[in-house]
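Enquirer: Spelled out, the chains give:
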Amino acid sequence: MIKKAHLTQWLDRVAQGYDLFGPVLDGVVQFKRVNSSDQLVFDYANSVVPPKNLFLPQTECLFAFRREEGSIILEPRGGLERERVLFGIRPCDARSLLLLDEVFNGDLEDTYYQEKRRGTILIGLACPSPPQRTCFCTSLGIDPLSPEGVDILLTDLGDRYLVEVTTEKGEELVGLSQELFFPSAEGEKLKGEKGKSLEEVGEKIGSLWEDGYWRELSRRCLGCGVCTYLCPTCHCFDLTDVGSTLSGKRFRCWDSCMFADFTRMAGGVNPRPTGKERVRQRYFDKFSYFPERYGVLGCVGCGRCSQYCPMGIDIRTIINEVIARGAK
Amino acid sequence: MASDDDPTILVFACNWCSYAGADLAGVSRLEMPPHCRVVRVMCSARVRPEFVIAALSRGLDGVVVLGCHPGDCHYSEGNYYTRRRALLLKELLEHVGIEPERFQLRWISASEGAKFAQTITEITGEIKALDGRREPPPEG
Amino acid sequence: MSSNIYLPHLATITEIEAQTPDTTMLRVTLDDPTLALSFTYRPGQFAELSIFGVGECPISIASTPTRKGFLEFCVRAVGQVTNALYELDVGSKIGVRGPYGNPFPLPELEGRNLLFIGGGIGLAPLRSLINYVLDNRDHYGEVELIYGARSPQDLAFKDELKLWGEQEGVTVYLTVDRGDERWRGPVGFVPSFLREIAPSPQEKVAFTCGPPIMIKLVMEALEEMGFPPDHMVTTLEMKMKCGVGKCGRCNIGSRYICRDGPVFTLEQLKALPGGLEL
Amino acid sequence: MEQELREIVRKLLEEGAIEYFIGYAEGFEPLHTTPCFIERGEQVQALVWSPLCPYNLARYLHQMKDGAGKVGLVVKGCDARAIVELVKGNQIQRERVVVVGIPCQGQVDLAKLEDAFEGAEMVEGKGDTFLVTVGEKVHSVEKERLLREKCFSCRHPISFEYDFVLGEMSPLVYGSESEFAMVEELERLPVEERRAFWRAQFERCIRCYACRDICYACYCQECIFESKAPRWLEKTTTPLDNQTYHLIRAWHMVGRCIDCGECERVCPVGIPLRRLYKKVEKEVEQLFDYRAGMRVEDLPPLVTFAAEEPALSSRQDRSER
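Protein chains in written order, with the working numbering: chain A, 5 to 332; chain B, 71 to 210; chain C, 19 to 296; chain D, 36 to 356.
Honestly, the hints are just simulated from the structure, not real lab data.
Among these hints, one or two may not hold up.
[To be verified] Some chain A residues well away from chain D (every beta-carbon gap over 12 angstroms; in silico):
#, residue
1, N57
2, Q182
3, G227
[As the list claims (entries may be wrong)] Calculated cross-link-like contacts (lysine-lysine; reagent style DSS-like; alpha-carbon spacing at most 27 angstroms):
#, chain 1, residue 1, chain 2, residue 2
4, D, K105, D, K46
5, A, K200, A, K332
6, A, K280, D, K270
7, A, K332, C, K86
8, D, K270, A, K36
Nothing here was measured: the structure is a model prediction, and the numbers come from that model.
Where a beta carbon is used, it is the ideal one built from N, C-alpha and C, also for glycine.
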């Protein structure tokens with residue numbers, strides 16, 4: 005347990021030894037680096053851009069290059085100066101990082117991602133009740149009060165937080181201000197509610213490849229990048245060189261399967277020529293391909309895509325439609 | 071004379087008047103700041119405002135468009151379009167905090183070699199006076 | 019720390035051989051001498067080639083690992099990077115990442131007859147396997163190659179085609195979409211030419227690579243001729259970017275072409291949603 | 036009004052006068068509507084109308100470019116200006132569009148609504164007020180408190196002929212401030228403060244292109260930002276890259292922006308885009324006496340000129356020497 009009044013004191017101690025990141029109000033709520041806890045906000049539902057950008061930045065320099073005396077010098081970038089602490093990540097986003105780990109781990113490990121991931125301690129914040137209008141994590145089997153994927157989880161209990169420490173790194177952080185923490189009485193852990201399960205969407209969608217629904221959806225869809233860029237599990241990127249052939253940098257930048265030029269090849273052929281194919285790709289990827297590759301649905305129910313879709317397209321409606329139309 | 075902290079200025083000069091004016095300044099051996107790059111265009115109206123925006127966003131210190139005097143356009147009316155565009159563009163740039171000195175439109179005829187040299191000197195000076203308030207060039 | 023999957027190895031172009039008006043073959047040697055010797059790959063794999071300052075693109079390896087010390091890439095100038103690659107001179111530096119992707123199923127080919135069907139620059143990945151097979155001649159049966167291009171001057175690897183045709187147990191059939199005054203051979207598209215030749219499916223594995231529409235029609239023709247779907251192999255060089263299964267671009271169904279391909283059998287493609295919508 | 040709309044659409048479809056109709060339907064909750072495409076008479080029940088219908092449906096007319104048939108849609112007066120511009124830009128033929136005008140009495144800003152009434156479930160317009168339902172209660176609130184900002188500068192096209200109207204089409208008149216007040220506020224700042232202001236905005240931009248993709252006026256076959264050669268814009272999202280994006284986009288709004296405000300509404304990171312485009316709109320109006328979307332026959336400001344331009348000369352002293 006920690007008293008609410010003591011939380012900032014602890015976080016300030018953390019900020020001395022680590023690079024502290026947390027929710028900041030900068031136009032909208034974003035996870036950003038802070039120097040002290042007074043820059044943080046605590047009464048937020050969730051950030052607009054998910055915290056994936058701290059591990060897979062929208063624009064990331066992979067290496068610099070320059071031509072020198074007939075050869076080329078490559079200077080890899082990346083790496084963290086100090087260990088980082090991310091405060092305030094929600095359980096849905098913490099789960100999304102576990103999913104991204106699947107993508108960036110493996111026999112071809114992505115060091116840029118992994119360095120940031122391994123070098124970051126996560127302090128989760130269990131979700132307030134009631135949830136946002138667009139939240140539906142419980143329908144996908146996620147518990148908004150679960151410490152899964154974080155090193156420490158804080159649950160708001162009015163004037164204090166329940167502190168669940170799940171890892172050694174978490175213990176270290178608590179150890180920085182041990183005097184602020186006190187033991188909890190039993191049975192204080194809240195139980196998350198389960199919503200109607202929508203998990204069968206994964207079994208149903210496979211039968212809908214030819215279904216007319218994708219065209220219907222694509223008529224409303226503008227093909228912008230809101231849903232993918234704000235999705236905590238979307239990870240598509242492009243590699244691009246900036247500079248000249250004499251010197252410059254190679255960047256990795258977010259890209260989106262909703263963009264028409266995402267799969268357009270040199271020479272102009274596009275295997276996903278219209279919105280129908282692109283919309284279908286997105287939902288098949290979330291509910292069919294991702295589970296096939298990694299054994300788990302590629303959606304964590306954070307609801308950002310529904311909340312921010314310019315045209316009011318709602319992923320829960322889509323899931324329900326798939327369940328209604330699809331066959332096992 | 072030239073020093074390394076002189077601003078770099080991109081000059082678009084119309085082929086028929088201003089470029090000839092620049093040429094005249096050159097052959098007359100008129101002294102002027104060397105940090106300008108002259109791009110010859112067939113008409114000042116060829117300069118898409120996107121050129122200016124891209125140049126300023128990529129770290130150039132200033133952009134100057136030079137055209138024939140109103141009424142003298144080789145294509146009769148190109149510079150009248152330029153005049154409208156330039157004024158609007160300047161307003162837009164200023165609105166987001168790019169000083170008006172950094173984008174200028176001037177009329178220079180083929181015989182105005184001295185005016186060319188003087189214009190470049192003047193604008194270089196104006197931009198230099200802004201120095202220190204320039205955004206750093208883009209990462210990359 | 020494990021190695022950086024996005025950092026290319028430097029390599030130098032040692033030879034350039036023009037193939038067609040828009041296609042050239044680059045022979046490159048990795049600058050690091052130990053790496054140049056230890057770089058192992060199998061026919062069917064590809065590499066990511068970089069021109070620093072322009073970008074990177076996937077190109078299939080056209081050389082065979084049986085001939086060591088260099089890599090060969092056949093490049094057709096169609097986009098930003100390939101245009102720049104096309105313009106390079108001997109001595110130029112490029113970046114190479116790889117090898118990536120699944121190779122042709124070599125062990126399963128032992129003792130079998132092989133049919134290669136190529137269109138245009140699609141011969142490049144097949145060339146790797148053809149030369150591999152010819153360098154291990156006793157392990158494989160009869161080899162047939164059906165190869166077509168838009169016009170006689172668009173036929174790539176002309177010298178090798180001749181060389182291959184002269185070998186025992188190798189038959190080379192050539193066709194062009196449009197002939198010219200000097201062309202004496204057959205004229206027609208590859209799929210219909212294939213139907214004319216009608217190779218027997220007996221103990222045979224077919225490999226095809228070329229424009230998507232050609233692959234599709236060739237597969238259809240082969241199926242009609244009685245080739246089983248698991249004996250029809252293609253290699254898809256589509257929309258890849260990172261080459262390592264991360265960037266999310268090149269999937270067919272749940273499979274990434276860059277990791278699970280580029281080599282697929284028709285049987286595998288049939289099992290994927292949209293796998294046949296080439 | 037909804038019923039009347041449904042009947043018109045049913046008739047149009049049943050008579051074969053249109054291929055499909057674009058309207059508003061209920062979204063995932065009553066506060067969110069979503070656009071809908073009605074293709075058969077029996078689907079018309081889906082059509083709704085409320086002060087929660089922000090979408091400028093004329094954006095969807097881009098889809099009819101390739102077809103030959105007719106398309107119907109419902110428009111608010113402000114959205115009708117997009118149709119004027121699309122006709123002017125040769126993107127659609129007026130005779131291929133069946134326009135149903137709906138007398139909008141102001142649209143609700145969802146953020147303002149949620150601030151003022153937590154848990155609001157429904158909003159209806161009634162005269163000068165909005166009726167907001169929260170649970171069992173219905174609150175009556177002055178429209179000015181909840182209106183979208185753009186509604187304070189409501190403007191309808193002059194001499195536009197609707198095919199059908201569901202009442203009297205006339206602009207709203209609310210507020211006494213100049214519609215360019217927010218632009219003027221920025222103009223009064225010193226140049227470096229303006230730079231800092233916009234830098235902070237552009238820094239947030241994630242370049243999702245929602246502002247471009249929702250814009251009725253962004254109908255280019257190949258967008259300049261997607262051109263590979265020349266490459267105008269890198270994929271990187273440094274503040275300067277983002278500035279390039281927004282400045283070029285603002286430039287392309289010259290003579291086109293009808294202030295439908297959709298770009299600002301959909302920006303997920305809250306960039307006040309209207310303050311950028313309104314600036315362009317203001318200068319175009321003051322320098323060239325031009326306003327987009329008012330009359331089909333108006334000539335856009337940058338495709339014309341006068342040898343003597345007194346409106347310009349007062350400001351030219353510095354730019355033209």
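Enquirer: Could you run down the list of hints and mark each one as holding or not?
Expert: Here is what the structure says about each hint:
For N57(A), the shortest C-beta to C-beta distance to chain D comes to about 9 angstroms, within the 12 angstroms cut-off, and the non-interface label is violated. Q182(A), annotated as away from the interface, keeps every beta carbon of chain D farther than 12 angstroms; the closest lies near 38 angstroms. The beta carbon of G227(A) sits about 6 angstroms from the closest Cβ of chain D, which is not more than 12 angstroms, so the claim that it is off the interface is violated. For the given pair, K105(D) sits about 14 angstroms from K46(D) by alpha-carbon distance, which is consistent with the 27 angstroms threshold.
Between the alpha carbons of K200(A) and K332(A) the distance comes to roughly 19 angstroms, so the proposed pair stays at or under 27 angstroms and holds. In summary, the hint linking K280(A) to K270(D) is supported, as the alpha carbons are separated by about 25 angstroms, within the 27 angstroms threshold. Pair hint K332(A) plus K86(C) does not hold up; C-alpha atoms about 51 angstroms apart against a cutoff of 27 angstroms. Between K270(D) and K36(A), the direct Cα distance comes to roughly 22 angstroms. Compliance with the 27 angstroms bound is thereby established for this hinted pair.
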